[in-house]
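Peer 1: Take each chain as given, in its own frame, and dock them per the hints.
So the protein sequences, as listed, match chains A and B. With my numbering applied, the first sequence corresponds to residues 143 to 235, in that order. With my numbering applied, the second sequence corresponds to residues 19 to 497, in that order.
Source of the hints: derived by calculation from the structure; they are not laboratory data. All the given hints hold, so there is nothing to weed out.
On the chain A side, residues computed to face chain B include the following (Cβ under 10 angstroms):
| no. | residue |
| --- | --- |
| 1 | Lys-146 |
| 2 | Asp-150 |
| 3 | Ala-153 |
| 4 | Ser-155 |
| 5 | Ala-158 |
| 6 | Pro-215 |
| 7 | Val-216 |
| 8 | His-220 |
| 9 | Glu-221 |
| 10 | Ala-223 |
Examples of chain B residues toward chain A, derived with CB under 10 angstroms:
| no. | residue |
| --- | --- |
| 11 | Leu-183 |
| 12 | Lys-220 |
| 13 | Met-227 |
| 14 | Leu-302 |
Over the 10 angstroms line for every Cβ pair with chain B, so calculated as not near, a few chain A residues:
| no. | residue |
| --- | --- |
| 15 | Glu-167 |
| 16 | Gly-171 |
| 17 | Pro-182 |
| 18 | Glu-196 |
| 19 | Val-228 |
Ideal Cβ placement from N, Cα and C applies to all residues, glycine included.
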Amino acid sequence: MASKVLLDPTAESTPAERQRITRPESLDGLTVGLLDISKPRGNVFLDRIAEHLERRGATVRRYRKPTFAKPAPVDLRHEIADQCHVVIEALAD
Amino acid sequence: MAAPPLPEGLVAVVKRDCETCRTVAPVLAELAEVTSLTIYSQDDPAFPEGLEVTDDRDLSVSWHHDIETVPTLIRVGANGEEARTVGWSLQQWRALAGIDQLAENLSLPEQRPGCGSMSVDPDLVDTLRARHSGSLLRSRHLDLAEAEDEFEYMHRMGWSDGLPLVPPTAERVLAMLEGTSRPPDEVVAIVPPDLVQATVEKIAISAVMAGCLPEHLPWVITAVEAVCNDEFNMHGLLATTMPVGPVIVCSGPGTSRIGMNPGVNALGQGNRASLSIGRALQLLVRNLGGGRPGGVDRATHGNPGKLSFCFAEHPGPFGSLASSRSDIDESTDAITVFAGEGPRCIVDQLSRTPESLAGTLAENLRSMHHHKLALAFDAILVLGPEHVRVFTEGGWDRTRIVAELEARLQLPYAEIVRGAGGIAEGIPDGLGLESLPKFSPGGLMLAHAGGGAGLFSMLIAGWVNGDSGSRPVTRAVQY
Numbered sequence: 143m144a145s146k147v148l149l150d151p152t153a154e155s156t157p158a159e160r161q162r163i164t165r166p167e168s169l170d171g172l173t174v175g176l177l178d179i180s181k182p183r184g185n186v187f188l189d190r191i192a193e194h195l196e197r198r199g200a201t202v203r204r205y206r207k208p209t210f211a212k213p214a215p216v217d218l219r220h221e222i223a224d225q226c227h228v229v230i231e232a233l234a235d
Numbered sequence: 019m020a021a022p023p024l025p026e027g028l029v030a031v032v033k034r035d036c037e038t039c040r041t042v043a044p045v046l047a048e049l050a051e052v053t054s055l056t057i058y059s060q061d062d063p064a065f066p067e068g069l070e071v072t073d074d075r076d077l078s079v080s081w082h083h084d085i086e087t088v089p090t091l092i093r094v095g096a097n098g099e100e101a102r103t104v105g106w107s108l109q110q111w112r113a114l115a116g117i118d119q120l121a122e123n124l125s126l127p128e129q130r131p132g133c134g135s136m137s138v139d140p141d142l143v144d145t146l147r148a149r150h151s152g153s154l155l156r157s158r159h160l161d162l163a164e165a166e167d168e169f170e171y172m173h174r175m176g177w178s179d180g181l182p183l184v185p186p187t188a189e190r191v192l193a194m195l196e197g198t199s200r201p202p203d204e205v206v207a208i209v210p211p212d213l214v215q216a217t218v219e220k221i222a223i224s225a226v227m228a229g230c231l232p233e234h235l236p237w238v239i240t241a242v243e244a245v246c247n248d249e250f251n252m253h254g255l256l257a258t259t260m261p262v263g264p265v266i267v268c269s270g271p272g273t274s275r276i277g278m279n280p281g282v283n284a285l286g287q288g289n290r291a292s293l294s295i296g297r298a299l300q301l302l303v304r305n306l307g308g309g310r311p312g313g314v315d316r317a318t319h320g321n322p323g324k325l326s327f328c329f330a331e332h333p334g335p336f337g338s339l340a341s342s343r344s345d346i347d348e349s350t351d352a353i354t355v356f357a358g359e360g361p362r363c364i365v366d367q368l369s370r371t372p373e374s375l376a377g378t379l380a381e382n383l384r385s386m387h388h389h390k391l392a393l394a395f396d397a398i399l400v401l402g403p404e405h406v407r408v409f410t411e412g413g414w415d416r417t418r419i420v421a422e423l424e425a426r427l428q429l430p431y432a433e434i435v436r437g438a439g440g441i442a443e444g445i446p447d448g449l450g451l452e453s454l455p456k457f458s459p460g461g462l463m464l465a466h467a468g469g470g471a472g473l474f475s476m477l478i479a480g481w482v483n484g485d486s487g488s489r490p491v492t493r494a495v496q497y
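Extracted from the complex, chain B is given alone in its bound form (with noise of 0.2 angstroms):
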């Protein structure tokens, strides 16, 4: 809707129920008599008494001239808005209205705050801008009977991933469309399987289902850019029968501003953020790409990882995964995707030096999967905090744990050639091989999260490596 325009002339918005407003009533009615005066009154059009007053009960004024406090005075020119001063100050007063002898018989206070405007009031203000910016939302509006459950009907409509969601209300899509800069009709993606556009709008209605705060919406935006690619391969990712989804491992300062949590039960249940982001990147899938279990969705048993699987890392010592990945440094807000399954628990209480754990970790990396098959998947090793410092203390970087972990990971070809150990399952036979690594070149990567206490890391196994799989994707967090 567009702004209602100003009339020319001094313009005052103010409401009965401010101290301040009731104080300078006088001064308007003093102003009434000399000049052109158009009162809006935000809660009472009988006030001010006795002076002609437009009723703004709806706010649109307000709402449109972004009134943030009253009394506002506003001066009005030919070409709309000249000056204005909020609250009450006798010299601002005189000086806007060009009234030098303003308010002289009356005796009233040099200045007084004013109080704030009904249209910036937070029970009101997501229903104001539903109702004044509501035209900026181009998505089909769906009726329900009132005596509906919009709860059961979103399960009805087959948008939930099994878990309640919160309804997509245009008051509630508007405030997720605060948390970004883009407009709600830019296309984001291409998403996956029906290759349907993803609007910024498509992806805050994701949000907004999967419970998302505004200030989680740059951080769904990103991670729908980053899997929505032929590198990533959501489509592979989504139809393949392996029990696999988007894992988000996110980092930089933005994290603890959203409330992330990289330590204690880093990869857990209750977090709203990592959850809700998570969450609404596969919400999207589902509901908009039409990616549903049993339908373009074939996994064999699926994992649950795949409602919602999304972390932070710790700052340090050794930079994070994006930076480790690409140019970007650890004070940008990144996130790599990786297509990987449910995290397993690599334990080793005893080892106090990195030779000794690097043996642990690389016994357990080579089991991915299957002991025999070598190359063809990534996977990401979270180190928990107590494995950290057994390396830092040894003096190895990131660069040096890899190195270490791959140089215990080649594996001797007699052993994982099919056939050997009375198991078919292996690399084929024929090759003439000494050996084969278990991963190939980056496909080994390293995150840190977790809590304090515990000797302890985590596994996330990936999908199909290369061109003919999933590459992992890092993104800037774009705002």
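Bound-form chain A, shown alone (with noise of 0.2 angstroms):
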């Protein structure tokens, strides 16, 4: 959508990404995102890794990007974003 796009009126000289936010101390609580990069058995490996923050207090939610072979899509990201406090990106083969 066009209106979705804006022009940068700033001097470009940061990156266009917003910055990562400071690691938290514990995931007590928290809301943690897992991001499927779509490679193979990366299902597997997020499997364990969810049962694992569950059983230490964590919420899951289990997302997926398309395809590894390109960026997670705008969407996609302002979704983990909006929804969790945290989040894993997995890499399997």
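Peer 2: As structure tokens, then:
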């Protein structure tokens, strides 16, 4: 949608992507997003991670990129940022 | 994007939703029989029926070849377009096609005006300009998520002065650029504090965000040029702890053309042109220059005018501020930028002689910033129309008013020296002076604005003047 692309009014001296927030001290009570980048068997790895996280009191939400060959679509990134405190991206082969 | 070339021969641009195009459909059929004809249809590639038609529903051919009316018939030679005619005229079509018997057996009117081309439809034109001229823009494109609110995004990015901004889309920025003849990549100024090149495009982005219309853009560009130099010293003005910002005083016939208001509430809210022009300048300093409160902007208090402070003068009776400071005459659109704080009111409802009113104004001017400080600060005195009337009825012109005020603003040294009156602030001791003028030569400026009722004037006090601070700058508006 055209109205969702804005022209940068700044000197463009900083990256357009927003900077990372600081890492949390603990995962207690936080929502953790697990992003499957769509490489084979990434889901197996993430299933195990999810088990561990849930045992530690975190709420886990699962996401999946359409293809590992491209960056996550901006809508997916927004969804994760909206719904999670922390995200773990999984690479497996 | 380069214009798609037109094929040699005859070219017709039509749309089904046009009575005249439907009328000439049989003529096009006749032309297709006897000559090389290419038909572009703007809304329906199946129209005209039975003919070979090129689909121009994306309007790229229509846009690039400046089709304003349909039908348009164009003759294209080896070196491009040779002639065109718009609407239907039997005589002109025959001449253009070089066929004397064209439409001889059709019972058509001699002529019929055409319809508007879809490529100039006001609802479509901004989108088309972005699609076909978007590559002119050099600024980084920032993709937002579908679910992301662009207004909140702009706040989060730190672009806002605290108020909502208009999202700077390519469509809006290209439409804004129509307001100037200057190319988007022209560098207008180097903007402090980060010393970044301000192209016409970056200024147009600020103007969009501030709420400007394209006709405001030349004023914004001129204001940017006027403040970004050593003389005006925008960097220092930004960095100072004093509550000052750029004040833009506008004059000339263009002020009323763009809807500025020199009358009732001239310095107040409610006027799009004034507020958005002043705001666009400040947003450029904020976003492109990187000058932000708490960063390089160290103002102790600031003032609401740092959002935007721009106003228009009434024409006459003793000339504009710009014409008094330069050789720019009053028929030329011009701005004067001044490093000033918020305005305050001077009340005098009883004076009916210029001498009495000058006394009031001088007493108030003396107290500007501190009644014991002299020479360090300039001022703009915005005379209201009723105060102007007192002066003009008394036969005083601009020069006389300033001279009479200056005569009343010789401050006795004994009264303003440090410690005098039990007040530590003041002029250093031991200078051996009789008196000091409150204002340096040219430091007291007059402007003329306000509603017709109210015996008031407004004082806009300045920041540190001269080489160590800021000098006012006057420029003609560059279109």
